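Engineer: What follows is each chain in one-letter form.
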Amino acid sequence: MNENAIVFDRVSKSYPLYHHIIGGIKRFIFNLPGAIKAIKTSRYEALNDVSFEIRKGETVGVIGRNGAGKSTTLGLIAGVMQCTSGRLTVNGRVAPLLELGAGFNHELTGRENIMLNAVLLGLNISEVKERIESIVEFSELGDFIDQPIRVYSSGMLARLGFSVAAHLNFEILLVDEVLGVGDQQFQKKCYDKIIEAKKSGMTIVFVSHSMPEIERVCGRVIWIENHTVKRIGETKEVVTAYLKAQENNG
Amino acid sequence: MSKRLRHYIDLILVLTDKEMKLRYKSSILGYLWSIGHPLALALVFFVAFKVVMKIQMDNYALFLICGLFPWQWFQNSVTVSPTLFLNNASIIKKVNFPRNIIPFVSVLQDMIHFILSILVIAGFMLAYRKAPSVAWIYGIPVLLVIQFLTAYGASLFIASINLFFRDLERLTTIFMTLLFYFTPVIYPVSMVPDKYKFYVNLNPLGPLMISWRGLFLEGKLETQTVSIAMLYAVLFCALGSFVYKKLSVRFGEIL
Ligand SMILES: Nc1ncnc2c1ncn2[C@@H]1O[C@H](COP(=O)(O)OP(=O)(O)OP(=O)(O)O)[C@@H](O)[C@H]1O
Ligand SMILES: [Mg+2]
Chain A
1 MNENAIVFDR VSKSYPLYHH IIGGIKRFIF NLPGAIKAIK TSRYEALNDV SFEIRKGETV
61 GVIGRNGAGK STTLGLIAGV MQCTSGRLTV NGRVAPLLEL GAGFNHELTG RENIMLNAVL
121 LGLNISEVKE RIESIVEFSE LGDFIDQPIR VYSSGMLARL GFSVAAHLNF EILLVDEVLG
181 VGDQQFQKKC YDKIIEAKKS GMTIVFVSHS MPEIERVCGR VIWIENHTVK RIGETKEVVT
241 AYLKAQENNG
Chain B
1 MSKRLRHYID LILVLTDKEM KLRYKSSILG YLWSIGHPLA LALVFFVAFK VVMKIQMDNY
61 ALFLICGLFP WQWFQNSVTV SPTLFLNNAS IIKKVNFPRN IIPFVSVLQD MIHFILSILV
121 IAGFMLAYRK APSVAWIYGI PVLLVIQFLT AYGASLFIAS INLFFRDLER LTTIFMTLLF
181 YFTPVIYPVS MVPDKYKFYV NLNPLGPLMI SWRGLFLEGK LETQTVSIAM LYAVLFCALG
241 SFVYKKLSVR FGEIL
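Line order of the protein sequences matches chains A and B. Take 1 as the starting number for the first sequence in the numbering used here and just add one per residue. Take 1 as the starting number for the second sequence in the numbering used here and just add one per residue.
Excised from the complex, chain B in its bound form (with noise of 0.2 Å):
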């Protein structure tokens, strides 16, 4: 292994350490925390549409679950963005090394969390009686890359364009709860109005979602979905790179 890639791949351990004893204080809380906050979201969507107010579909908890943790992934990935190099102006300020690789690790450390989570997905689809299908050997790795270049170029863009005008924060949150019922997390796109359809594939996160629960409930990956999904990955990666390599050299003078 040549030395470059060597110190690249310590710098990704030595920094995800970090990450998990700053964020966590241990992985083994992280992961918990990973797991409890969608299924707490899930519980409260199912009493709210299933239990109150009677929403026509089968096996809704399942449904939810298969939405809510891909799309939890994503929100810890952009919410925490915004800090991402403020966080760690100490080292920014006084070391030279290549600062895309905190966002990188950032949402590596999500993605992490996510893959240990597909085992609770596969726990109640298994108290669905239903079996996890073998497209997931090669659905699961196709969809994690779309969702990490995705992931991890909304973050470089945030936390580059965060150092200047220090208020993305909150618009951020807003921003975030918005695109959350835009897509189709918590409702089929069946049930959405078919003049509104067109739109749901404006969306960027729409494609991928629609995708991951594809995946989950039906063992189906549509050729199509998948496309536009990884469109939008390699749009945003490349916005983000772009918008970093522009602001970078700026940033030991800023914080």
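Bound-form chain A, shown alone (with noise of 0.2 Å):
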């Protein structure tokens, strides 16, 4: 039991600034020299050197400032970037919370956007089949489960991915300050199956800028700041101290 299910070893996560080259084709052709040492130069760290281990089971939160690196930080763990140096290791399969919408098409219904998201993620037709009523029953969108989700509000969006997300019982949850869009019985009923789902053994990575929220679900905390992990320990302790240093900066 005390296996790892997360290893960040030294890494490192800088973005190329790609859009001297989305400038298109016939830009970068006629200005070849200029262009490829661009995308040498130009990049943006969001993460540098950042170390720690989650192991199987535990619930831990990530805070930090806007653009500290946190999603970016669940962007590589869910595998839909890689680090540039450095070594990550995952253990399990990942249930990615992200952004709002994400992984949604615009045009599908709300039911169909079930069954795109749930294979996408590694489920089969018919092991979506089997949890789609219940899925549909957790979201409480009635009738709007039928209809395309750009006309969802963002609290319907949100009870729509968290839904999917916690029925597939994968091994690692990620959550992406998703629900703090959502109405307070929602929230209280995302919050219970969080828990619920802590309690069957799950790993879950949380992201939130809500340090009551923090308080309340996560046993470990990673604070992050300037793209480098700045302090990890006990929840109460950390988040006591990202709270000062708060209110010492303004």
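Any given hint might turn out to be false.
As the list claims (entries may be wrong) - Partial selection, computed: residues in chain A whose CB lies under 8 Å from chain B: (1) GLY24; (2) PHE28; (3) VAL80; (4) ASN105.
Unchecked claim - Label pairs and their calculated CB-CB ranges: (5) B:ILE9 with A:ALA35: 51 to 57 Å; (6) B:MET53 with A:ASP146: 52 to 58 Å; (7) B:LYS3 with A:GLU234: 39 to 45 Å; (8) B:ARG170 with A:GLY233: 37 to 43 Å; (9) B:TYR138 with A:GLY24: 41 to 47 Å; (10) B:LYS3 with A:SER85: 30 to 36 Å.
To be verified - If you want a taste of the chain B side facing chain A, the calculated C-beta under 8 Å gives, among others: (11) ARG4; (12) HIS7; (13) LEU86; (14) SER90; (15) VAL95; (16) ASN96; (17) PHE97; (18) ALA131; (19) LEU168.
Please keep in mind that the hints were generated in silico from the structure rather than gathered at the bench. It should be emphasised that the depicted structure is a prediction, and the values quoted were computed from it without experimental measurement. No residue lacks a Cβ here, since even glycine has one placed at the ideal position from N, Cα and C.
Mind docking these for me? Both chains are given alone in their own frames, and the hints should help you get the complex.
Structural biologist: Here you go:
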């Protein structure tokens, strides 16, 4: 049981600033030497030398200011991006709940999106069919489930996203501050579900700007600042230090 | 069946279903569209070359149909390819799955439409008092595989590159128009002047389109022509896969 679910070993992630080539192939070819040099030199370091371990069954919070690199960290765990250097190990299937509406197509209905999203994440069609009714029921979207999701409000998108991710029963759940837009009653339902998942041994990584929620669900917290780990430890201790730092800053 | 294979099949099914819904709203409309477009083109070329310019060829309408249907499949697959990954940005950025399945599904769907439209070709044959040949039974699958690989390779290549240089859409359209007139689709190879005949084989689509028409009209497959077409198919597929492999790790951060 002491096995690690997620290990970051001196991980760095830099984004190339691609705007100069997105300008088009014509511009790229007519400006070849400059363009090649720009690709090599203009990179933005989003994470720098980050190391931590998350054990199986742990619930870990990730906090930090806007642009600190929290979403980047989750993107790396979800495998939608690769790190630039260092080593990253993930043991278990990942159910990512990243941004609002992530992984959905806006023209398809809620029900069609559940099927699409769950199959993309690794379930078979038959497995989704077994679960789709409980997913729909959990989301409480009613008749809207058969409407294209472009007519959904942000809270409704969050409901749909959380309902799918929570019903995959994967080993690792990632939540990136999407629950904030849900109403009181649904948020409570989500936290109950998260606590239930926690009891069943799921590993959860939870990004939020709401310290009360972090304190409620997380056992440990990672505080990311200036693109690297500033502090990692017991929830209470890290949150207190973080809040204090925020106050001092202004 | 292994779980992995089962999942690949399900992925293909779900994505095909999604494309059908988004592109055509219904599968019947999609099919009608896939027949209607080449038929309209056939009509245009028939009027221009037979009625007006009086080209010296028997059964020119049938000739056009047998060339335009397979061409239209290739053209459709390539023309949509620049937008394939772009249009799926929200799923590519947030979910980790084999992304080459998107071009795969797109070409597969065009292929299914083409297969269904072979009925139309057979109908025209009968109208011209020609019987479909037995050679179709093995010839069609062989050419389907060749054209699938060619179109998939091209689509994968263009879709991947276009994430980095977002202006390939117009270039692709221009290129496809050029390629169309340089490929013996609306004229037979026999009319190409001798000194240019060699170049037909340099055109990756030339041997394939010649093979399709030979198969439909005469029930013949020339080994040499088919081999060249196969060679191009393998080359396209290898090139597309190579470029995809190099670039796909960056898809998540560039979209
Ligand atoms: N695809 C990208 N290309 C270039 N830069 C990026 C990309 N994604 C993120 N960044 C940059 O990386 C840094 C970290 O971004 P990230 O989204 O991880 O922040 P965050 O901690 O989640 O912030 P927030 O609290 O606002 O959600 C930011 O400065 C951002 O501008
Ligand atoms: Mg974020």
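Engineer: Hint numbers the structure violates, sorted upward?
Structural biologist: When the structure is compared with the hints, numbers 5, 8, 11, 13, 18 turn out to be violated.
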